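Line by line, the protein sequences give chains A and B.
Read in order, the letters of the first sequence are residues 1 to 161 in the working numbering.
Read in order, the letters of the second sequence are residues 1 to 747 in the working numbering.
A few of these clues could be false.
[Stated by the list, open to error] Simulated restraints on C-beta separations: (1) A:D121 to B:K409: 34 to 40 angstroms; (2) A:S156 to B:K405: 24 to 30 angstroms; (3) B:K409 to A:G24: 45 to 51 angstroms; (4) B:E286 to A:S156: 48 to 54 angstroms; (5) A:S156 to B:H263: 33 to 39 angstroms; (6) B:E103 to A:V105: 56 to 62 angstroms; (7) A:G24 to B:N450: 31 to 37 angstroms; (8) B:Q64 to A:P41: 54 to 60 angstroms; (9) B:L70 to A:S157: 28 to 34 angstroms.
[As the list claims (entries may be wrong)] Here chain A is said to cover these stretches of chain B; the calculated rule only asks that three of the stretch's residues, wherever they fall, bring their Cβ under 8 angstroms from a Cβ of chain A: (10) 332-342; (11) 360-369; (12) 485-495; (13) 554-566.
No wet-lab data here; the hints were simulated from the structure.
Here the structure is a predicted model, which means the values were calculated and not measured.
Each residue gets a CB set at the ideal place from its N, CA and C atoms; glycine is no exception.
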Amino acid sequence: MMSATSVSTTSAVETRALCSVRVGGQMYGVDINEVSEILGPSQQRSVPCAPHFIGGLVPYRGEVLTTVNLRALFDLPPFEQLSSALVVEGESGTYGLLVDAVCEVAQVTAETFEAIPSTLDAKRKALLRGAYKLPKGLLIQLELKRLDPMALMAMSSSVAV
Amino acid sequence: MERSLTELESRPEDSALIAEIFRAVHTIKGTTGFLGFHRLESLAHSGENVLGLLREGKIKSSQQVITILLRTMDALRGILKRISVSGDDGAEEAMNDAPLIRELDQLSGLEAGPVYAAKSREKKKAASRKKAAATAKSLEESTASIQLPAMLQQLPQPAPPPEPVQYNRRATDVPGGASQAATESTLRVDVELLNRMMNLVGELVLTRNQILQHNSVNHGFNTLARRLDMVTSDLRESVMKARMQPVSYIFQKFPRMVRDLCHICNKHVQLDMVGQETELDKSLLEAIKDPLIHAVRNAIDHGMEPEADRVAIGKPVEGTVRLRAIQEGGHVVIEVSDDGRGMDPKRILQKAVDKGLVPAENAENMSEREIFQLVFMPGFSTAEKVTNVSGRGVGMDVVRTNVEKIGGKVELDSALGKGTTLRLRIPLTLAIVPALVVRACGETFAIPQNALFELVYVSEENVSTAIERVDNVQVYRLRGDLLPVVRLDELLKLPMEKSEQKKFFMVVLDADGRRFGLVVDELLDPEEIVVKPLSVVLRQMGLFSGATILGNGSLALILDPTAAAIRSNIALRNVEEDAAIAPAIEAEVSPEFLVFSTGRKGERPRRMALPLEIVDRIETVPFNRIEFAGQQPVMQYLGGLLPLLDESNLLHDLSESSSTNAAQTPVQILVIHHESEAVGIVVREVLDVTRGNIYADANLPGAENATSKVARIGDRVTVLQNMATVREILASQNSESVKNNMQLEVA
Chain A
1 MMSATSVSTT SAVETRALCS VRVGGQMYGV DINEVSEILG PSQQRSVPCA
51 PHFIGGLVPY RGEVLTTVNL RALFDLPPFE QLSSALVVEG ESGTYGLLVD
101 AVCEVAQVTA ETFEAIPSTL DAKRKALLRG AYKLPKGLLI QLELKRLDPM
151 ALMAMSSSVA V
Chain B
1 MERSLTELES RPEDSALIAE IFRAVHTIKG TTGFLGFHRL ESLAHSGENV
51 LGLLREGKIK SSQQVITILL RTMDALRGIL KRISVSGDDG AEEAMNDAPL
101 IRELDQLSGL EAGPVYAAKS REKKKAASRK KAAATAKSLE ESTASIQLPA
151 MLQQLPQPAP PPEPVQYNRR ATDVPGGASQ AATESTLRVD VELLNRMMNL
201 VGELVLTRNQ ILQHNSVNHG FNTLARRLDM VTSDLRESVM KARMQPVSYI
251 FQKFPRMVRD LCHICNKHVQ LDMVGQETEL DKSLLEAIKD PLIHAVRNAI
301 DHGMEPEADR VAIGKPVEGT VRLRAIQEGG HVVIEVSDDG RGMDPKRILQ
351 KAVDKGLVPA ENAENMSERE IFQLVFMPGF STAEKVTNVS GRGVGMDVVR
401 TNVEKIGGKV ELDSALGKGT TLRLRIPLTL AIVPALVVRA CGETFAIPQN
451 ALFELVYVSE ENVSTAIERV DNVQVYRLRG DLLPVVRLDE LLKLPMEKSE
501 QKKFFMVVLD ADGRRFGLVV DELLDPEEIV VKPLSVVLRQ MGLFSGATIL
551 GNGSLALILD PTAAAIRSNI ALRNVEEDAA IAPAIEAEVS PEFLVFSTGR
601 KGERPRRMAL PLEIVDRIET VPFNRIEFAG QQPVMQYLGG LLPLLDESNL
651 LHDLSESSST NAAQTPVQIL VIHHESEAVG IVVREVLDVT RGNIYADANL
701 PGAENATSKV ARIGDRVTVL QNMATVREIL ASQNSESVKN NMQLEVA
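Please take these sequences and the hints and turn them into a complete structure.
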C-alpha cells in the first residue's frame, strides 16, 4: 500500500536528486531535500542498553545527535572503520543515519523506479521506498519516515509482541 | 489537551490519559477562579465534573461524551482568546455557555444513573458497588445543587469584568503584599533570548574545559586559559542572574487569592510570606506557580478548621498560612505551612483503602511517611465534599507531577491538630550541573553530584573481602550497615573483561532516598557539565538523563541515579526507620578512646588508651618546659601547675640523657581532667582516636592484674587497667588529684 502511493507521487516528478550512500555492498539513496547535513567519519559514543538499531551519539552543533545504525537494521556485521552520518529531520527530532560512505548525488527519473519485490521480508521492506534501476546498479531509496528512531522503536516493539 | 481528548476516543480505558486531561481542566479552573474569570471557571467546572466521573470509571468515554468535552474545550479556548485580547472574559456573554453547561451537567448527573444500575445488577459485587454508586450520586447531586443556583444568580446580573488596576490596589492593601517596586526595577528579557545565551555559555564552558586540559604547552597559553576561565565564570554568573527572579514574582499573586478563598470558605486566614527576595530560575518559577496555587488552596480549604472548631480547641480564630522561601545549597526550598488541623494518617489510610489505591493487606504495615505519600496519588482526596475550591484530589497530584518534572522534590510533614507543611525542593538551575565523571569498562559516564553521598576506595588487597553476597545480591558493609551494591558494568550490560579482580571505587549514591553503592573502575575529574538533552528514544530508556561533552571533547552519558536505583530494585529507605535505629546504635556505641603508646625508648611500645571525653588537650612541649618539684614532674599550664604522670619514666630518661638537644626534645602530654582537677600524662606517641566497648566483669587470664577489665577498641581487644593501680602510681609520685581515671592498656 505504502509503496503504491509512493509510486504515484514519484511518477509525477520528472527527475529528482538522491544522495547516494553505501552500506555494506549496496548503494542506497536519500532524497537530497531530506538531508540537512552530512557529517564526515566520526567516532560514535555507544549507548549501553539502547535498542540495537541505535548507533550511538555524536556531537552536532552543540547538541547531541542520536544516530541510527543502518548496518544493524540490515543485519550486516559492524563497520570496521568510522561511519559517516546523514543528518535528517525526523518526526521525533533530528537524527543521524550511519552509513559506510557518502557518495555522489544521483539524478534519477521516475521511469527507472520500481517497487521493492514482494519476496523481500516485510519488515525489511518497510524501510525501503523502492529501487531506481541505474546503469551502475540498483539505487535503493530509503523510507526515512520509517527510519526515525521512534518509528523503529514502535516497529520493533510491535514485532516483539 | 485536544490531542489527549482525541486519543481518549481511541483508547477509552487509558486512565493516565484521563488524569492528564483532568489536570489540565482543573488547572484552568483553578487559575481562572482566582483571577475572577467566572464565566471560564463555571464552564471548566462542569467539564471537570464529567471528567471526574470518567476518571473514576463511573461513565464510559463514549463518542458523545468526548464530543461534548471537545466543544467545552473550544468554548474555553474562545473565552481565553477573548481574555488575551481584551482582558475580560466577556461575562455578559455567559448566557451563551448555559446550554453547554446544562449539557455537561446532564451528562454528569443523568448519564451516570443507568451505568450504576447496570453495574449493580452484577450479582457478586452488587452490594459494595451500590454503596459506592449511592455516595457518588449524592456527591454529584450536592455539586449540582451548588452549581445551578450559583449560575442562576450569575446569569441575570453578570459579574463586572475585573480591572487590572483593581488587582494591584487589592494586592497591596493585604498585609504582606508584594512590593511593587521590586518588580518594577527589574528588566524584562525574552526567555527565548535567554535560552540562547544559556546555550552559548554552555559552549563557552566546554571550550574552557578543553583549554584547561591542554595547558601544559606554554605559559602564555596558561594565562589565556585562566582568563577564559574567569570570563566564562563571570558570564555564566551574570546570565544566570538575568534568569533569576525573586519568588515575590509569584508570591505577590497570593494575597488576593487567599482573600478570595477565605471569602468562599468562610474562614479567616492571615497570609505570612517570608523570603520573598529568594531568587529562582525564571522557567522553574513558572513551573512551580501551579503547584503553589494548589498547595495554598489545600491549606485553606482542607487544612484550616472552621472558625468554631478553632475556638473550641483554643486556637486563634484567625488561621495562619505561611509561604516561606529559602535557599539551601543548590536548592531553593519553598514551604507552604498552615496551623490547621493537620493530617490524620489513619484517616488517610482508610480513605486510600476505600478508594482502592492501597490493597487492604498492605495497609497495616505502612509507616506514617509512606501514608503521607499517598496524598500525592492521583484521585486521592480526604475532603468530605467536593467544593468549587478543592476536594477532587487532583491538587496534590498536580503538585508532585509539576515539581518532579523540573527535577524537584515534594515533602510533606504534618502533626495532627497542629498543622501541615508542604515543602517543595527546587533545584536552582538545570542547565549546568556539577558532576563526577567515572569510568567503567573504558566508557565514561557522568554522575550528578547532588546524588553523590560519598566515595569508597577498595584497594587490590581488599577486593576479595570488601563485597559480600546475600544470595546473589552484592552488599558492602559501610560503617556497619549493609549497603546494596550495583556494578555499573553489569547494570549497563557492558562487555566485561574476565580479568582478575582489581582495585575499584564505589560511589555511594542517595537517589531520592534510595541509597546504594555503584562500583566503577575509575574516578576521573569532577567537572561542571552542560547537560544536553537526549532524543526521545534514548530518553524513554530512562537510564540516562542526558549527555555531555567532556573537557577532552569526548561524549559522556549522564547517569540518572534514581533510574539506576529503580532498575536495580533498590528500595526506598525509610527515614523513620533510620531515626528509630539511630538512637539505638548511639546507645550501643561506647565512648571514643584516645589510643597512644608509652614505654621507654628502646622498649617495645605499649598501646594504651583513655576515654576521649576526659582528654582536654594534647600538648607538645619541649622537655625544658617541664620542671621537677622534688620527684614530681610538673608543668606550668594555663597559669597553674599541672602535675604530670610519667608511668614509664620517659621524663626521667630524658633528664639523665647526655644528649645536648635533650632540652629541646618534644614531649607529648595528654591533659586530662578529673573532678575539676587537671593532670598531664606523658606519652610516647598519640596514635589514634577510635571507638571501643568495655566488657565489664570479664576476667582476662594471664593479664598482669586479675581485676583488669576487657575492652575492645577498634578491632583489637584491650585491657582496662585497674584504677587502683593508677591511684597507687599517682600517690607514689606525690600527686593528690587523679583518683579514678580509667586507663586502658592494649593487650
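Hint-by-hint comparison with the structure:
1. A:D121 to B:K409: 34 to 40 angstroms: Check failed, 49 angstroms falls outside 34 to 40 angstroms.
2. A:S156 to B:K405: 24 to 30 angstroms: holds, 28 angstroms
3. B:K409 to A:G24: 45 to 51 angstroms: Since B:K409 and A:G24 have Cβ atoms about 50 angstroms apart, the given range 45 to 51 angstroms holds.
4. B:E286 to A:S156: 48 to 54 angstroms: violated, 37 angstroms
5. A:S156 to B:H263: 33 to 39 angstroms: violated, 57 angstroms
6. B:E103 to A:V105: 56 to 62 angstroms: holds, 59 angstroms
7. A:G24 to B:N450: 31 to 37 angstroms: violated, 46 angstroms
8. B:Q64 to A:P41: 54 to 60 angstroms: Given about 59 angstroms between the Cβ atoms, the range holds.
9. B:L70 to A:S157: 28 to 34 angstroms: holds, 30 angstroms
10. 332-342: Coverage by chain A is violated here, the residue count being 0 at a Cβ distance below 8 angstroms.
11. 360-369: violated (count 0)
12. 485-495: holds (count 3)
13. 554-566: Satisfied; 4 residues make the cut.
In terms of the numbered hints stated before, the structure departs from hints 1, 4, 5, 7, 10 and 11, listed from lowest to highest.
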